[in-house]
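Spelled out from the first residue to the last, the chains are:
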Amino acid sequence: MIINHPHLGPRDASEFSILGDASLINRPDWQAGDADDAFYSYLYLRDNPAGLHRELWFHEQGDRSWLVVTRDTVTHAIIDVALASDIAKAATSKMSKVNAGKKTAAKKTAAKKTATKKTATKKTATKRDVT
Amino acid sequence: MHYSIWSLINQALTGNRNWAPVWRDPEPKSHYDIVIVGGGGHGLATAFYLASRYGMKNIAVLEKGWIGSGNIGRNTTIVRSNYLLDGNEPFYEKSLQLWEGLEQDINYNAMMSQRGIINLYHSDAQRDSYVRRGNAMRLHGADAELLNQDQLRSLCPFLDYENARFPIMGGLLQKRAGTARHDAVAWGYARAADQRGVDIIQNCDVTDFLIKDGVCTGVETSKGTIRAGKIGVAVAGSTSRVMAKAGLRLPIESHVLQAFVTEGLKPVIPGVITFGAGHFYISQSDKGGLVFGGDIDGYNSYAQRGNLPVFEDVCEGGMAIMPMIGRARMLRNWGGIMDMSMDGSPIIDKTPIDHLYLNAGWCYGGFKATPASGLCFAHLLARDEPHEVATKLRLDRFRRGAMLDERGAGAQPNLH
Numbered sequence: 001m002i003i004n005h006p007h008l009g010p011r012d013a014s015e016f017s018i019l020g021d022a023s024l025i026n027r028p029d030w031q032a033g034d035a036d037d038a039f040y041s042y043l044y045l046r047d048n049p050a051g052l053h054r055e056l057w058f059h060e061q062g063d064r065s066w067l068v069v070t071r072d073t074v075t076h077a078i079i080d081v082a083l084a085s086d087i088a089k090a091a092t093s094k095m096s097k098v099n100a101g102k103k104t105a106a107k108k109t110a111a112k113k114t115a116t117k118k119t120a121t122k123k124t125a126t127k128r129d130v131t
Numbered sequence: 001m002h003y004s005i006w007s008l009i010n011q012a013l014t015g016n017r018n019w020a021p022v023w024r025d026p027e028p029k030s031h032y033d034i035v036i037v038g039g040g041g042h043g044l045a046t047a048f049y050l051a052s053r054y055g056m057k058n059i060a061v062l063e064k065g066w067i068g069s070g071n072i073g074r075n076t077t078i079v080r081s082n083y084l085l086d087g088n089e090p091f092y093e094k095s096l097q098l099w100e101g102l103e104q105d106i107n108y109n110a111m112m113s114q115r116g117i118i119n120l121y122h123s124d125a126q127r128d129s130y131v132r133r134g135n136a137m138r139l140h141g142a143d144a145e146l147l148n149q150d151q152l153r154s155l156c157p158f159l160d161y162e163n164a165r166f167p168i169m170g171g172l173l174q175k176r177a178g179t180a181r182h183d184a185v186a187w188g189y190a191r192a193a194d195q196r197g198v199d200i201i202q203n204c205d206v207t208d209f210l211i212k213d214g215v216c217t218g219v220e221t222s223k224g225t226i227r228a229g230k231i232g233v234a235v236a237g238s239t240s241r242v243m244a245k246a247g248l249r250l251p252i253e254s255h256v257l258q259a260f261v262t263e264g265l266k267p268v269i270p271g272v273i274t275f276g277a278g279h280f281y282i283s284q285s286d287k288g289g290l291v292f293g294g295d296i297d298g299y300n301s302y303a304q305r306g307n308l309p310v311f312e313d314v315c316e317g318g319m320a321i322m323p324m325i326g327r328a329r330m331l332r333n334w335g336g337i338m339d340m341s342m343d344g345s346p347i348i349d350k351t352p353i354d355h356l357y358l359n360a361g362w363c364y365g366g367f368k369a370t371p372a373s374g375l376c377f378a379h380l381l382a383r384d385e386p387h388e389v390a391t392k393l394r395l396d397r398f399r400r401g402a403m404l405d406e407r408g409a410g411a412q413p414n415l416h
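Protein sequences, first through last, are from chains A and B.
Quick note on numbering: the first sequence equals residues 1 to 131 in this note's numbering.
Quick note on numbering: the second sequence equals residues 1 to 416 in this note's numbering.
In short, the hints are calculated from the structure, not lab data.
Just some of the chain A residues that point at chain B, by a computed CB distance under 7 Å: (1) S14; (2) I18; (3) Y40; (4) L43; (5) L45; (6) R46; (7) N48; (8) A50; (9) H53; (10) T73; (11) V74; (12) H76.
Small disclaimer: the values here were computed from a predicted structure and weren't measured.
Positions of the beta carbon are idealized from the N, C-alpha and C atoms, including for glycine.
Chain B with its partners taken away, still in its complex shape (with noise of 0.2 Å):
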């Protein structure tokens, strides 16, 4: 079913009784062109444009839970292109062009919002800082703004402007930037990939990979074995614990990170909001709740849930630059595993194992990148070699010393 106005019309006037299910749910066949393990918003992605861009057939995505219960349904829904380093900002502004027609491509209401993002900084090192940054955006055909405080004080009067620890003296904003409904990102993905084919299969566990003389040829699963042309691995925070059955040790740790939400507020916050002197974002959700994240917890984690020093950190972050924000109340927060690169940057790439590709080391930007992430996947699975915004996010750069470290902390994963 095409999804408009019409349809919405057809429906009401029907008494809603011809909805049709979003996405089939399919018995796995034994044998795939292409398996997409992980059905997350990377992996949906990943499967879309394969169909939809890359003229594949015969593809599954396997779920060991339900589709969205990862990471997609876990985010801050913040999307954006301002980063700094060749290898990343044209894939970041490549992944912010297609968020900008995603709505059109998937027929589905992602709520896209193109409210900006707004970086604060603190002293005139930091200023300068944002110049650099902001100026390899726009070599890069992104959008940049340096706002100085007057023209920061009309957007946001609410920010603590005399702060003594930590004077707010500008922003860096990127208009474009904004924030989408991130459930409805996976189920659009899911539900367009299953138009054009996909099958995307839930509570399938992968428990091991076919492996012989190097060549990966399927999955072994919780529902049978899957055999496979190619096999793509999109797990995110599961990334070691799914590549140790294939026998690879990655460059990756996975940690928790938490985000938060208050109870719903009348519209108090213009866009995004990132402090520059600690490490705390916030963005106001439309139902009016201020949805709000700082630092990773810190320690290796598989709990999908982290501890209360964090949590005292990330509200004194809000606090130092909004205290209009201290008489909102906490309604809930929550936690997502991230998978830690030991360069903050991501991987996609091929693995040693012939017919096995990665998709991993998303830290905690993996939202943004998702529709970044999906195409430049398929590229890779469609034509084995790596897209152009992608060629610097191979797994080898580690050993070649090509490290894409953009916060420049080194191997050292809780850093970044």
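Chain A with its partners taken away, still in its complex shape (with noise of 0.2 Å):
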């Protein structure tokens, strides 16, 4: 499997180690009245889907990144690459925007800015690919 990386272009998967599902970006809250189930859940128990999977791996012999791989888990086919720290970035402002946010009208904009930041991100890895 050749998995392309953002920064780095298509490299050999024999270079990353996997860790597993990519739902493991969101921790739980251990504080929360639910912890016990949570974490029973984040820790053990998986999807396993036959088809599309988002799963985190990391380039032990390369640039030690994280990467969200989205692959297909019955034909090997990677679909999508991106940096984990774009997505975990992107998913923690979300929150705290929202949280922030009382109005219907400031969570508007949030996701607006969120979306653009996205696609940003986007622009700049394909940049990169072609360099």
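Need the complex rebuilt from these two chains, each delivered in its own frame; the hints are there to steer you.
Okay, structure coming up:
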């Protein structure tokens, strides 16, 4: 399998190690009331789909970045590669903006901003791919 | 038809015209007492033991493809009981005992060959850990012998004892371990179950479970609705996919494991040999091919094929301990889908849905477990309580923190 690294271009999968389902980015809140259940699910239960699967790969023998790779588990085809940090940051900023904004209008702007940010990141990635 | 030397002679003298089909090909009935989903080794063994040891009647095995098309026909045929943990060793030892009497039980030649397994050790620390494991095995009634380098040399003179990186210092031998003809195990169980009235229904895809108020009452299949008193699922690599239809998320990931075979050679390898410093295991089939394997590929997969880096890694493992195989030509390689559990140990248990039972999480050790898995799953289905050697193989052990982690790798399925 060849993973198209957003910074480094196509790299062989053997340079990477895989952690598992990308939902591991979303660590549950340990102070929440249902933390027991949430951590049980987080740690042990998996969707394990046949088909598209978002998963965390670590470029261990490269730039040591974490990637979110969308891969088809039936064909091994890699559909999309993104930096895990971008995805985590986007999720966090979305969360904090949603939490901060009290008006619906504010929420809308936040969502729009995140969307714009996402597109921007994607564009940069594509640019880097070419170079 | 009972197979024996007399039936063989009789058929030979009559021109082999009277051999009967080995099992029937029945249409499914609308209701069974017990339906087993999955016609692999474990499912067929379950049906056989339900009928033969628990006196159950009216049983069906539903198989999506043809029986023996999954991992029972794709493994490296190794049978052993060299485990460490209390929750595992009695189970696998029970399995080995069943293997020893299997051919008589099912009246079928499974080519069970107790040619022994040797786990090599390469350091003093590893020797100590093998002593510990050997003692654990003996405490549970299994056999284990620690070999020093001289003893090992007399058995396997061809190993690379002078390897600078991984010197071979000795091995842990289990003489009763060995290999069995994997396809024959599936066919033998199928035939024996069929003779006891079990309906084996092939090309019958389970598309949904009938669940009402938390009770499972049957399955929807490509051959129509089949109602059942109890439903047992034993579908290995497809476990998550099938159980998702019942709304369950499980502590399982599906991974691909590759296996390899060379051209046929004269007898060179006496039993099963495993590398202690990497992951490599090898035996020689009765046809002469060297059958070997190593690690799983490491990423989730439902494709029954893997990639080349693992291929290379496995071959490097082989070359590190027995350079003589370097000139053998590869004949085939293939892959199977493993139901890797979160602690590397299996699950034979009820599910949160009444009358729905689960047999899964075999990682890549399912073949050796086939008889005990069938027996324990049959016990659970018939009696609604776990068999005495399977009391720790529970689905809720992850929530309780009662993991059976032989390797100590934690909740990381691709490391087990």
